[in-house]
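Given chain Z, work out where chain F should sit, using these hints.
Listed here are the chains, written in short residue letters.
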Amino acid sequence: MQFGVFSVSDITRDPVSGHTPSEAERIDAVVRIAQKAEEVGLDVFAIGEHHNPPFFSSSPTTLLSHIAATTERLIVSTATTLITTNDPVRIAEEYAMLQHLSKGRMDLMMGRGNTAPVYPWFGQDIRQGLPLALENYNLLHRLWREDVVDWEGRFRTALQGFTSTPRPLDDVPPFVWHGSIRTPEIAEQAAFYGDGFFANHIFWPKEHFMRLINFYRQRYAHHGHGTEKQAIVGLGGQAYIARRSQDAIKEFRPYFNEAPVYGHGPSMEDFMESTPLTVGSPQEVIDKTLTFREHFGDYQRQMFLIDHAGLPLKTVLNQLDLLGEEVVPVLRKELEARRDPEAAEAPTHAARVKAKYGDQAPRQPRPNANRGDNVTGGSPYQDSQ
Amino acid sequence: MELVVVTAGTSDPSSTRMLADRTAQKVAELAGQRGGEVRVRVIDLRELATEVTTALISPMVGPKLEKAIAALREADGVIAATPVFKAGASGLFTSFFQVLENDLLIAKPIVLAATAGTARHGLVVDDQMRSLFGYLRSMVAPTSLFAAPEDWSDPALNKRIERAALELLLLMESDFASKVEWRSYNHEDSNDFAIDLDSDLMRLAAGGS
Numbered sequence: 001m002q003f004g005v006f007s008v009s010d011i012t013r014d015p016v017s018g019h020t021p022s023e024a025e026r027i028d029a030v031v032r033i034a035q036k037a038e039e040v041g042l043d044v045f046a047i048g049e050h051h052n053p054p055f056f057s058s059s060p061t062t063l064l065s066h067i068a069a070t071t072e073r074l075i076v077s078t079a080t081t082l083i084t085t086n087d088p089v090r091i092a093e094e095y096a097m098l099q100h101l102s103k104g105r106m107d108l109m110m111g112r113g114n115t116a117p118v119y120p121w122f123g124q125d126i127r128q129g130l131p132l133a134l135e136n137y138n139l140l141h142r143l144w145r146e147d148v149v150d151w152e153g154r155f156r157t158a159l160q161g162f163t164s165t166p167r168p169l170d171d172v173p174p175f176v177w178h179g180s181i182r183t184p185e186i187a188e189q190a191a192f193y194g195d196g197f198f199a200n201h202i203f204w205p206k207e208h209f210m211r212l213i214n215f216y217r218q219r220y221a222h223h224g225h226g227t228e229k230q231a232i233v234g235l236g237g238q239a240y241i242a243r244r245s246q247d248a249i250k251e252f253r254p255y256f257n258e259a260p261v262y263g264h265g266p267s268m269e270d271f272m273e274s275t276p277l278t279v280g281s282p283q284e285v286i287d288k289t290l291t292f293r294e295h296f297g298d299y300q301r302q303m304f305l306i307d308h309a310g311l312p313l314k315t316v317l318n319q320l321d322l323l324g325e326e327v328v329p330v331l332r333k334e335l336e337a338r339r340d341p342e343a344a345e346a347p348t349h350a351a352r353v354k355a356k357y358g359d360q361a362p363r364q365p366r367p368n369a370n371r372g373d374n375v376t377g378g379s380p381y382q383d384s385q
Numbered sequence: 001m002e003l004v005v006v007t008a009g010t011s012d013p014s015s016t017r018m019l020a021d022r023t024a025q026k027v028a029e030l031a032g033q034r035g036g037e038v039r040v041r042v043i044d045l046r047e048l049a050t051e052v053t054t055a056l057i058s059p060m061v062g063p064k065l066e067k068a069i070a071a072l073r074e075a076d077g078v079i080a081a082t083p084v085f086k087a088g089a090s091g092l093f094t095s096f097f098q099v100l101e102n103d104l105l106i107a108k109p110i111v112l113a114a115t116a117g118t119a120r121h122g123l124v125v126d127d128q129m130r131s132l133f134g135y136l137r138s139m140v141a142p143t144s145l146f147a148a149p150e151d152w153s154d155p156a157l158n159k160r161i162e163r164a165a166l167e168l169l170l171l172m173e174s175d176f177a178s179k180v181e182w183r184s185y186n187h188e189d190s191n192d193f194a195i196d197l198d199s200d201l202m203r204l205a206a207g208g209s
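Just so you know, the sequences run in chain order Z and F. The working numbering numbers the first residue of the first sequence as 1 and each following residue consecutively. The working numbering numbers the first residue of the second sequence as 1 and each following residue consecutively.
This is chain Z alone, in the form it adopts within the complex:
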């Protein structure tokens, strides 16, 4: 079981101090948050991707590669990588590079993006968002598994003899999660490829996600990757923790009330009642998080949103201390004790290398001398035809 934090990368005015961080301040803060996540014993840090203010994270692999370089154990990931507006060829190249630089301490999560104006900025159309996402991922999946790809689809120019470089680390593609809040086709695609499925889980009542995750588990088994229990599920969550729950409520309320997306809407109490949000003591966060497993079955990754809505860095670091020291150790123990032995382990590069090669040495592709193109001759690599 992996625990981590994920950030939207919003730059939001702190409603208490009135301070709006500069982009420079917020970018530095996020790096610090990721490093702190490792220091307090968390496993994963993930960043969103946005191409409009007030967000900064337009270039996730640059950020994540810096974070990976300044940490030692932490897995860096995304929440999400836009599989619609990014060219899948660029995703293949950039994330394979990140995989090398992080020595495999990375994975990524595919998402569609629901901001209509972003699509035309990248030459796409949101009305085609779903087929675009599905087709792009079908291509991405091949680019990481075949040295030379011939490909033709509806949405991008055809590829003839294309090789995505560098080849994945140890020739083991990065692990992929598919994030979706309501689309069975995305769950089906995750299941078809034996990839992970991530339910953001934050804004809707749990019943909504239970249906989607159950469907993903059934289809995972149907496509022959293992049993329903062996499917790989990640969940989002949201918490604000203080030692005493009345302090948590008092401190977080002004941020809740003005938070992007749900601010000025439901009361914090109603929102806690019907979504995974917990504002309270470490024990309350533990209790609420343990209910996730009861609803969704054993799962492999729990992510918390803790740095949004203008919360200042100092507060977020304090949250990480509480999360790392008081919440996650208990959750690890409790979830381990309840875990079905059949359930899958959380995905890591090392485990995937082992699964592919056993005790053999992993493939290390070495290119042939430059031929000027990818089309003439056979494989561009020395070890294959």
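It is worth saying that the hints were derived from the structure and are not from the lab. Some hints here could point you the wrong way.
[Claimed, not checked] Beta-carbon label-pair distances, calculated as ranges:
1. F/R73 / Z/H100: 49 to 55 Å
2. Z/Q128 / F/R137: 23 to 29 Å
3. F/S131 / Z/G224: 47 to 53 Å
4. F/D103 / Z/D383: 50 to 56 Å
5. F/S178 / Z/R154: 44 to 50 Å
6. Z/D28 / F/D103: 46 to 52 Å
7. F/T50 / Z/Q160: 56 to 62 Å
8. F/N158 / Z/Q128: 53 to 59 Å
9. Z/E294 / F/N158: 52 to 58 Å
10. F/S131 / Z/P120: 28 to 34 Å
[Said to hold, decoys possible] The calculated DSS-like cross-link candidates involving lysine-lysine, where the alpha carbons are at most 27 Å apart (straight line), are:
11. F/K26 / Z/K288
12. Z/K288 / Z/K250
13. Z/K333 / Z/K229
14. Z/K314 / Z/K250
15. F/K67 / F/K26
16. Z/K206 / F/K64
17. Z/K229 / Z/K206
18. Z/K229 / Z/K356
19. Z/K333 / Z/K206
20. F/K26 / Z/K206
21. F/K179 / Z/K250
22. Z/K288 / Z/K206
Every residue gets a Cβ at the ideal spot worked out from N, C-alpha and C, and that includes glycine.
For chain F alone, kept in the frame of chain Z given last:
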């Protein structure tokens, strides 16, 4: 059979609620005469006002709104009644139906009703409200109801109520809503979660082209 009254009346009791209640009673009475039974449930939108606005601006569906949606899902027939404000249905009424999933009311029999301070608002029901329920693909009864102050002392209103009630009852009895090929409509009701594994998109999801 289940009959759900949705009313956006503001005072308690309101003339809108009164018009809706009288129609509902008439439906129940006629059903009784025909050996049937109709249970009436009332959704008073006043009590849902904050949850409806919350649902308009965020993904949150509050517990009372959730209950109202469940009642509509199970309803065999609906009476939808609103006061007229500024030459249109109450914003609360319109907002409520705007936050519902598009397919919640497919083929459901509905009687539309409105009250107003002047007869000059008379066309609001057939001119404005009908198009909303057309979009929702509901089965709107041919007779809709409208009551300005003078109508409350006119026996013709009772005649229209009776006519609308009978139309609604006949539509409910016909079981039209469950007999239509519901699956063949474009739908998004996440509670239903019917998945067509044979669609083009599902094939694309499973590596096809």
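Evaluated hints:
Against the hinted window of 49 to 55 Å, the Cβ-Cβ separation of F/R73 and Z/H100 comes to about 52 Å, which satisfies the hint. For the pair Z/Q128 and F/R137, the beta carbons lie near 25 Å from each other, so the given range of 23 to 29 Å is met. With their beta carbons about 50 Å apart, F/S131 and Z/G224 fall inside the hinted range of 47 to 53 Å. With their beta carbons about 55 Å apart, F/D103 and Z/D383 fall inside the hinted range of 50 to 56 Å.
As the Cβ distance of F/S178 to Z/R154 is approximately 38 Å, the hint placing it in 44 to 50 Å is violated. A hinted range of 46 to 52 Å for the beta carbons of Z/D28 and F/D103 is consistent with their spacing of about 48 Å. Separation of F/T50 from Z/Q160 is about 59 Å and conforms to the stated range, judged on CB atoms against 56 to 62 Å. Look at F/N158 against Z/Q128: about 55 Å separates their beta carbons, and that is inside 53 to 59 Å.
Between Z/E294 and F/N158 the CB atoms are about 55 Å apart, so this pair conforms to the stated range of 52 to 58 Å. Range check, F/S131 to Z/P120: Cβ separation about 31 Å, and the 28 to 34 Å hint holds. Proximity of F/K26 to Z/K288 is assessed by CA-CA distance (about 49 Å); at most 27 Å being required, the pair is judged violated. Proposed proximity of Z/K288 and Z/K250 is supported: the alpha carbons are some 19 Å apart, at most 27 Å.
Taking the CA atoms of Z/K333 and Z/K229, the gap is about 20 Å. The hint holds against a cut of 27 Å. For the given pair, Z/K314 sits about 17 Å from Z/K250 by alpha-carbon distance, which is consistent with the 27 Å threshold. For a cut-off of 27 Å, the pair hint linking F/K67 to F/K26 stands: about 25 Å separates their Cα positions. A hinted pair counts as satisfied when its Cα atoms are at most 27 Å apart, and Z/K206 with F/K64 qualifies at roughly 17 Å.
Annotation: proposed proximity of Z/K229 to Z/K206 holds, straight-line Cα distance about 19 Å (limit 27 Å). The suggested pairing of Z/K229 with Z/K356 holds, with an alpha-carbon distance near 21 Å, which does not exceed 27 Å. Distance check on the hinted pair: Z/K333 and Z/K206 sit about 24 Å apart at the alpha-carbon level, within 27 Å; holds. Restraint check for F/K26 and Z/K206: not satisfied, since their Cα atoms lie roughly 40 Å apart, outside the 27 Å limit.
For the proposed pair F/K179 and Z/K250, the alpha carbon gap of about 53 Å is over 27 Å, so the pair is violated. The straight-line distance between the Cα atoms of Z/K288 and Z/K206 is roughly 12 Å, inside the 27 Å bound, and the hint therefore holds.
Comparing the model with each earlier hint shows violations of hints 5, 11, 20, 21; every other hint is respected.
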